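Undergrad: Working from the sequences, and respecting the hints, build out all of it.
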Amino acid sequence: MLPHYEQRNFFAMRLIALAQDELLRLLSTRRGMVSLIGFLLIWIAVLNYGILPAAAFFVGASDSGLTELLLPRLGLEAWRQWPAPELAVFWVISLYLLPFFALLASADQTASDRSRGTLRYLVLRCSRTEIFLGRFLGQLVVMTLVVLITLVSVLIVIMLYSPDLLSAAVARSPVIVVNLLLLVMPYIALMAWVSVMARSARQATMYAFILWISVSLLVGYLQAKFGPMPLLDWALPGSQVSQLVRLSDWQTLSYAPIPLVHTLIFLVLGGFMMRQRDL
Amino acid sequence: MNLIECDGLTKRYGNTLALDNVTLALPAGEPIALIGPNGAGKTTLLSLLCGFVQASGGSVSVLGESPGSQSLCGKLAALPQDALMDPRLSVGRQLRFYAQLQGMNRAESRLEVERVLEQVDLLDSMNTKPADLSHGMRKRISIAQSLLGSPSLVLLDEPTAGIDPPNAKMIRDLIREQSSNTTFLVSSHNLDELERLCGLVVYLEKGRLISVGPVTDDDRHDFVTLRLGSVAENDFIAAATQIPGVSGVTKTAQGDYLIETDNDMLTSAILMQLLHEKGWRYRQMTRGKSLEERLYG
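The listed protein sequences derive, respectively, from chains Y and U.
Residue numbering for the first sequence follows the numbering used here, starting at 1 and increasing by one per position.
Residue numbering for the second sequence follows the numbering used here, starting at 1 and increasing by one per position.
I should point out that these hints are in silico values taken from the structure, not numbers from a laboratory.
What you are looking at is a predicted structure, and each value in this text was computed from that prediction instead of being measured.
One thing to keep in mind: the hints can contain errors.
Unchecked claim - Taking lysine to any residue pairs in the SDA-like style, the calculated list, with each CA pair at most 20 angstroms apart, reads:
#1 U:LYS75 - Y:THR118
#2 U:LYS129 - Y:LEU26
#3 U:LYS129 - Y:GLY32
#4 U:LYS129 - Y:ARG25
#5 U:LYS75 - Y:PHE11
#6 U:LYS206 - U:GLU158
#7 U:LYS129 - Y:PHE11
Claimed, not checked - Here are the in silico distance ranges between beta carbons for each label pair:
#8 Y:TRP250 - U:ASP82: 49 to 59 angstroms
#9 U:TYR13 - Y:LEU211: 47 to 57 angstroms
#10 Y:TRP250 - U:TYR13: 45 to 55 angstroms
#11 Y:TYR96 - U:LEU111: 48 to 58 angstroms
#12 Y:PHE209 - U:ALA253: 56 to 66 angstroms
#13 U:ARG196 - Y:MET33: 41 to 51 angstroms
#14 U:LEU111 - Y:ALA235: 47 to 57 angstroms
To be verified - If you want a taste of the chain U side facing chain Y, the calculated C-beta under 10 angstroms gives, among others:
#15 GLY51
#16 VAL53
#17 SER69
#18 LEU76
#19 PRO80
#20 PRO87
#21 LEU89
#22 GLY92
#23 GLN100
#24 GLY103
#25 SER142
#26 LEU148
#27 PRO151
Heads up, the beta-carbon is just placed ideally off N, CA and C, and yes, glycines get one too.
TA: Now the structure itself:
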């Protein structure tokens, strides 16, 4: 008698299994652990030599009245609205640092599996769309962990140096988590798309770089030729960052549609190519 | 119902026509051999059936579904040519993941992975990474993945290529054992192996379907194939042509002879007597032509 397994052909179930596998791959492979430890070491350096001195500087500058002169020039007027200076500096640094980490960490969503032939084993068991979205979700979970780890490290610093500000900082944490995830989503989606075209993580990163430069040049050319076109200012992922730096609290979500639209476009393009490509 | 149906199936890679207007219907049952020289389109046909590549023309259905359909999940399995598992993760972990994608829960997947690894005699390799296994062991692990969930149809692309004889025999035995519940479509260059294993043979050449038919030609009685030990060629041909009913004796390879006769059973009996009298040792005698002789003779 053959063993019988109920056919639980649920899209969500397989999506979760694929995302879970992506996370486990990070945690159970030497390469994944090395990447994670590498990032943590970099982050400790950023915390020690970036966030802490910068926060101390702004507190000192505030006391001397220097911030009134300096911050508007730097476009950082909103820093006062953050409950702790460490959180304000963390917000600004994360806005610029996390996209790069997201690009590098999520470069190999399907590329090496395709060149190795491992995707053939998977497509016999789930759809190409499920693989594509599952891997994207897995990378989003990985980045969520990264955001949480970095945020917790900053909260620990606040607890140690300014314990009275901790509760307010914790209350503001969801704003930061939601915003940073919105920020990295299009980068992960972009890498999901280029990973479909590439045969390795390195090639995917190169494709993303070429794409980025090409779109930047095209936007520059079009605006030079036809005059300012506000819509084109939002063509690249992360184009909202310069605005986000000036904002704090939930008002930051006013720019949420931009990364969401970017993410959707990349996922649609990548999903289409994933379904069409020969394995 | 036919397990596989192709109608005018065509696949182009750029300007290269890999599969040219193939129409065939294959039933469930005995293992099916898929043969043809290099570049015949065997791997392309298997890739189309699995949904790895899309057809340029024509139509194909597997178990009544389009390749790549979710309804085939767990029913269709394959050993794709040159596909490797992730070298960084243990065999057991990857197989359990595949089983879970097929709908099994954790406990079911653990038991199922143990079952299939036991079938390929590699239960001890559960916690080993594929990179640490030999080529033959990796192939057996890939065959184990194709048996997860006992699918109805398994497509094996050169399952014994590069495998040592004991392991090749083990794979053949496994296919034989499983073929009461599962239909295998086996692509291979080893015609002897396919002749012993399969009931039906699909022959492709230059992307075109040349023939579909039984592996043995039991309906014909006009040939005997004989493999002799060290016997002088001229002596044997001279003696064999004297046998009543024999109209021709052809040497097909060193020690191999194809004897044309009007009654294969009678000729076989007389041949045995002749060999006994002359003290000539034979290695193999079969009625009809070998598969190789039928295809390429």
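Undergrad: Now, for every hint given, state plainly whether the structure supports it.
TA: Now for the hints, and whether the structure bears them out:
1. U:LYS75 - Y:THR118: It holds: about 19 angstroms lies between the C-alpha atoms, which stays within 20 angstroms.
2. U:LYS129 - Y:LEU26: Given pair LYS129 (chain U), LEU26 (chain Y) holds - Cα atoms ~16 angstroms apart, limit 20 angstroms.
3. U:LYS129 - Y:GLY32: holds (16 angstroms)
4. U:LYS129 - Y:ARG25: holds (13 angstroms)
5. U:LYS75 - Y:PHE11: Given pair LYS75 (chain U), PHE11 (chain Y) holds - Cα atoms ~17 angstroms apart, limit 20 angstroms.
6. U:LYS206 - U:GLU158: Holds, at about 18 angstroms.
7. U:LYS129 - Y:PHE11: Since the Cα atoms of LYS129 (chain U) and PHE11 (chain Y) sit roughly 29 angstroms apart, the hinted pair is violated (cutoff 20 angstroms).
8. Y:TRP250 - U:ASP82: 49 to 59 angstroms: holds (53 angstroms)
9. U:TYR13 - Y:LEU211: 47 to 57 angstroms: violated (26 angstroms)
10. Y:TRP250 - U:TYR13: 45 to 55 angstroms: Hint holds: Cβ distance 53 angstroms, inside 45 to 55 angstroms.
11. Y:TYR96 - U:LEU111: 48 to 58 angstroms: holds (50 angstroms)
12. Y:PHE209 - U:ALA253: 56 to 66 angstroms: Given range 56 to 66 angstroms: holds, Cβ gap about 59 angstroms.
13. U:ARG196 - Y:MET33: 41 to 51 angstroms: holds (49 angstroms)
14. U:LEU111 - Y:ALA235: 47 to 57 angstroms: holds (52 angstroms)
15. GLY51: Since chain Y brings a Cβ to about 6 angstroms from GLY51 (chain U), closer than 10 angstroms, the hint holds.
16. VAL53: With a closest approach of 4 angstroms, the VAL53 (chain U) hint holds.
17. SER69: Where the cut-off is 10 angstroms and the nearest Cβ of chain Y is about 9 angstroms from SER69 (chain U), the hint holds.
18. LEU76: Since chain Y brings a Cβ to about 7 angstroms from LEU76 (chain U), closer than 10 angstroms, the hint holds.
19. PRO80: holds (4 angstroms)
20. PRO87: Hint on PRO87 (chain U): holds, closest Cβ of chain Y at ~8 angstroms, below 10 angstroms.
21. LEU89: Since chain Y brings a Cβ to about 7 angstroms from LEU89 (chain U), closer than 10 angstroms, the hint holds.
22. GLY92: violated (12 angstroms)
23. GLN100: holds (5 angstroms)
24. GLY103: holds (4 angstroms)
25. SER142: holds (8 angstroms)
26. LEU148: holds (9 angstroms)
27. PRO151: holds (9 angstroms)
Violation of the numbered hints given earlier is confined to hints 7, 9 and 22; the remaining hints are satisfied by the structure.
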